[in-house]
Amino acid sequence: MADLVVEGLTVEYPAGDYVVRPLDDFHLHAPDGSLVLLLGPSGCGKTTLLSAMGAMLTPARGSIRHGNTEVTTLKGDALTQYRRHGVGIVFQAFNLVPSLDATENVMVPMRSAGVARADARRKATDLLGQVGLAERTHHRPGDMSGGQQQRVAIARALANDPPLLLADEPTAHLDFVQVDGVLRIIRGLARPGRVVVVSTHDDRMLPLADLVVELVPHKATESTGPKRVELAPGEVLFEMGDLGDRIYEVDSGLVEIFRARPDGSEEILDRVGPGRYFGELGATFRLPRAAGARAEGPTVVTGYTLQDFRRRRQAGTGDEHDG
Amino acid sequence: MLLAALRDLQWRRRRFLIAAIGTALVFAMSLLLSGLSNAFESETAAWIESTRADYFVVKDGQAGPLTGFAPVEISRTAEVAATPGVEQASPFMYVHATTHEGDGFKDVNVFGAEDGGLGWPEVDEGALPSAPGQALVNGGLGFDVGDTMQIGQTEFEVVGIADDSTLNAGIDNVYISLPDAQALFLAGFPGTTIILVRGEPSGNLPAGLTAFDREQAQTDQLRPLSNARQSIDVVRILLWIVAACIIGSIVYLTALERTRDFAVFKAVGASTSALGVGLAVQAVVLAVVSAILATVIGLLLAPVFPLPVDIPLRAMVLLPVVAVVVGLLASLVGLRQAVKVPPAAAFGGP
Numbered sequence: 001m002a003d004l005v006v007e008g009l010t011v012e013y014p015a016g017d018y019v020v021r022p023l024d025d026f027h028l029h030a031p032d033g034s035l036v037l038l039l040g041p042s043g044c045g046k047t048t049l050l051s052a053m054g055a056m057l058t059p060a061r062g063s064i065r066h067g068n069t070e071v072t073t074l075k076g077d078a079l080t081q082y083r084r085h086g087v088g089i090v091f092q093a094f095n096l097v098p099s100l101d102a103t104e105n106v107m108v109p110m111r112s113a114g115v116a117r118a119d120a121r122r123k124a125t126d127l128l129g130q131v132g133l134a135e136r137t138h139h140r141p142g143d144m145s146g147g148q149q150q151r152v153a154i155a156r157a158l159a160n161d162p163p164l165l166l167a168d169e170p171t172a173h174l175d176f177v178q179v180d181g182v183l184r185i186i187r188g189l190a191r192p193g194r195v196v197v198v199s200t201h202d203d204r205m206l207p208l209a210d211l212v213v214e215l216v217p218h219k220a221t222e223s224t225g226p227k228r229v230e231l232a233p234g235e236v237l238f239e240m241g242d243l244g245d246r247i248y249e250v251d252s253g254l255v256e257i258f259r260a261r262p263d264g265s266e267e268i269l270d271r272v273g274p275g276r277y278f279g280e281l282g283a284t285f286r287l288p289r290a291a292g293a294r295a296e297g298p299t300v301v302t303g304y305t306l307q308d309f310r311r312r313r314q315a316g317t318g319d320e321h322d323g
Numbered sequence: 324m325l326l327a328a329l330r331d332l333q334w335r336r337r338r339f340l341i342a343a344i345g346t347a348l349v350f351a352m353s354l355l356l357s358g359l360s361n362a363f364e365s366e367t368a369a370w371i372e373s374t375r376a377d378y379f380v381v382k383d384g385q386a387g388p389l390t391g392f393a394p395v396e397i398s399r400t401a402e403v404a405a406t407p408g409v410e411q412a413s414p415f416m417y418v419h420a421t422t423h424e425g426d427g428f429k430d431v432n433v434f435g436a437e438d439g440g441l442g443w444p445e446v447d448e449g450a451l452p453s454a455p456g457q458a459l460v461n462g463g464l465g466f467d468v469g470d471t472m473q474i475g476q477t478e479f480e481v482v483g484i485a486d487d488s489t490l491n492a493g494i495d496n497v498y499i500s501l502p503d504a505q506a507l508f509l510a511g512f513p514g515t516t517i518i519l520v521r522g523e524p525s526g527n528l529p530a531g532l533t534a535f536d537r538e539q540a541q542t543d544q545l546r547p548l549s550n551a552r553q554s555i556d557v558v559r560i561l562l563w564i565v566a567a568c569i570i571g572s573i574v575y576l577t578a579l580e581r582t583r584d585f586a587v588f589k590a591v592g593a594s595t596s597a598l599g600v601g602l603a604v605q606a607v608v609l610a611v612v613s614a615i616l617a618t619v620i621g622l623l624l625a626p627v628f629p630l631p632v633d634i635p636l637r638a639m640v641l642l643p644v645v646a647v648v649v650g651l652l653a654s655l656v657g658l659r660q661a662v663k664v665p666p667a668a669a670f671g672g673p
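The listed protein sequences correspond, in order, to chains A and B.
With this note's numbering applied, the first sequence corresponds to residues 1 to 323, in that order.
With this note's numbering applied, the second sequence corresponds to residues 324 to 673, in that order.
It should be emphasised that the hints constitute simulated quantities derived from the structure, not laboratory data.
In this text, a Cβ means the ideal position worked out from N, Cα and C, and glycines have one as well.
Be careful, since some hints might not be right.
Said to hold, decoys possible - Some chain B residues well away from chain A (every beta-carbon gap over 10 Å; in silico):
1. ASP486
2. ASN491
3. ARG559
4. LEU576
5. VAL591
As the list claims (entries may be wrong) - Quick list of simulated restraints, FRET-style, between CB atoms:
6. A/LEU211 with B/LEU326: 32 to 40 Å
7. B/GLN333 with A/GLN130: 21 to 29 Å
8. B/LEU329 with A/LYS75: 51 to 59 Å
9. A/LEU206 with B/GLY671: 20 to 28 Å
My request is simple: use the sequences and hints to build the entire structure.
Laid out in C-alpha cells, this is it:
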C-alpha cells in the first residue's frame, strides 16, 4: 500500500529582509487510493506543499514519503526518475505548451522518459480519449476552452501513469459547466495504486474528498468577548507564521513587533504602546501572522475577536492603527 | 524536446523569419565582402592567365612587374628570348592612364603589346589591333567596335572588344600596339617595361634583369591592396559578431518568454541538457536558414556591385559551418536562462 505520509514538514525561505515560513511542522497521512483536498486561502502554503510533494523544493525540516520513496532526499538521477514516473502534476492555469498540440503536450513527459515517439503518440491519443478529447487531439491550447485545456493537462499528468497525482487549483479558471467535467475526472483518478492531492480554495470539491486538510484551520471563535493577557518582560504573545483570530490592544506596557531576518538576527518593526493595536491583518484575512509580538516589559494586552474589534471601532474606542 | 523546439520555431515563425532575414542580410554582406576580397585575387589571376606568360621579366631593383615602371631597351627582349628554356619572349607595357568619359575622365589600365606577341587577351568581338591608332577595350567601357576613344590627347579607333578584362579592382583594360604605347608613355623611346616570357628559363637571364613568376606577379599586384583587404577582413569579423548578436538576442528573448515552458518541462523530468539541445537546434536552424538566404542574396547582389565581386565557393560552403558555430554560441545565452528556471515555477499562474 503506497500511502502518502508527510511528517513535520517545514518550508522556509528568505523574502527580502525577512524569512517566510509557509509550512510549519505540517503533518499528513493519506492512504493509498485516496483523494486529498488541501483547502485554504491564497498564501497559506498549498502550492508550497504541492511543490515539496513534487520534489521541486527542499524543505527546511521534515519528510514526505510515498510508499518506499523518501521524496525530500531525492537527488540526481533518482530525482529525475521520480519526476518522470513517480508524480504527475496538473498545474494551475493548465500551463500547456502553446506551440504544441494536445497530443504533443501529452507526449512531453513520455518523450522525456525515453518512450519511443510512436508509442508516446499512441498513448497520448488514448489518454486524450479517456478525458473526452478524442476529437481535439490536434488542437493547440489556444484553440481549446479552459475545461478542455485542463483535461489535456490531466492527460499530461497521467502520461507516465504516476502513483501520485498533484493538482493545483484545477477549477480556478473554469466555469461551472467545465468544473463539473474536470471534477468527475479527478474523482475517478483516485483509486488503489494512486493518491491524488488537490489544492483548492473551492469548497464545492469538498464532497468528493476522502480527506480534507485545511491549511489555515478555522479556530473556534471565542464568543466570550475580550481576552485580557498579562505578559512578563520578553514573553512572546505570538510568533511570525502563527495563526490567530484576535486583534490585540495594548492596555499598559510596550509590545515589540519583530521579524526574523534570513541571517538569524531580528528586526524590530515597531513598538506598540498603550491605546494602540496590532495583529489585525492576520485576524481579518485569516492569514498567518506576518510578524511576531513580544512584551518589552511587564505588559497587559486585550485580545478582541474581529467582530468585537469592529464594534469597538464603530463605538470610537481605541486609538492608533498598527499592522 | 527536439519536437518542442521545432514547434516553437513554427509558433514564433514571424519573429524567426524577421531575425532570419536580418541575419541573412548581415551574412550576405559578409559574403559580398569575401567576394570583394576574393575578386582582387581572381581578377589578377585571370589577367595573368590572359597574358599567356609564365614569367614577367623587368629591370633589376623593381618590387615586381606590375607596380614598377622602369624602361629597358627593346633589344633586351631578344637576349631574354635566347636564354635556354625560354620558348617565347615579348615586350609589353603596362601604364595607368585615363580616358574621356562624357565631360570627365575614367581610369583605365593601358597595355602595349607586340603584334603577334604575348600579352593580348582573348577577343570577344572584332579583332586585335593590327595598325597604329587602334585599340582593343574591355566591354565594360561602353565602346562598340568602330567607336573612337581617347587616351591623353591621342585618339584610337576601337577595333575589338574583350569582355571581363579588368585589373586593379574593376578598372577597364585597354590594349594598344607597342609602338603606340612607346609614343604615349616613353616619348617614342624604343623600349619596354616588361618582357613577357613563355617557357621555363633554365639558364641565367641577361644581366640587369629579374624574372617574376605568376605567383610573384600576383603578390606584387595585390601588395598595395593589403590594407584594404585587411580592413575588409576586420569588417567581416564584425559582421559575424553582429549576426551572433542577432541570433543570440532572439534565442535569449525566446528563452525569456518560454520560462514557464522550461519550468513545466523540468517538472515532468526533462533534463537541462535536453532543453539546451532544443535551444541550440533553434539557433542552428535560424543560422543555417539565414546562411542559405544570405547565399541567394549575395549571388543576386554581386552583379550590381560597381566593384567586381567574386564570391568564392569555399565562402559559400564555409558560411553554414560558421553559421552553426555562431548559432551554438548564441544559444548559450538562452541556455543560461533555461538552466536557472526552477521547476517549481511551473506552479505559477498565468
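A quick look at each hint next to the structure:
no. : hint                               : in the structure
1   : ASP486                             : 53 Å, holds
2   : ASN491                             : 54 Å, holds
3   : ARG559                             : 35 Å, holds
4   : LEU576                             : 15 Å, holds
5   : VAL591                             : 4 Å, violated
6   : A/LEU211 with B/LEU326: 32 to 40 Å : 39 Å, holds
7   : B/GLN333 with A/GLN130: 21 to 29 Å : 28 Å, holds
8   : B/LEU329 with A/LYS75: 51 to 59 Å  : 32 Å, violated
9   : A/LEU206 with B/GLY671: 20 to 28 Å : 26 Å, holds
The structure fails hints 5, 8 (numbered hints given earlier, in ascending order).
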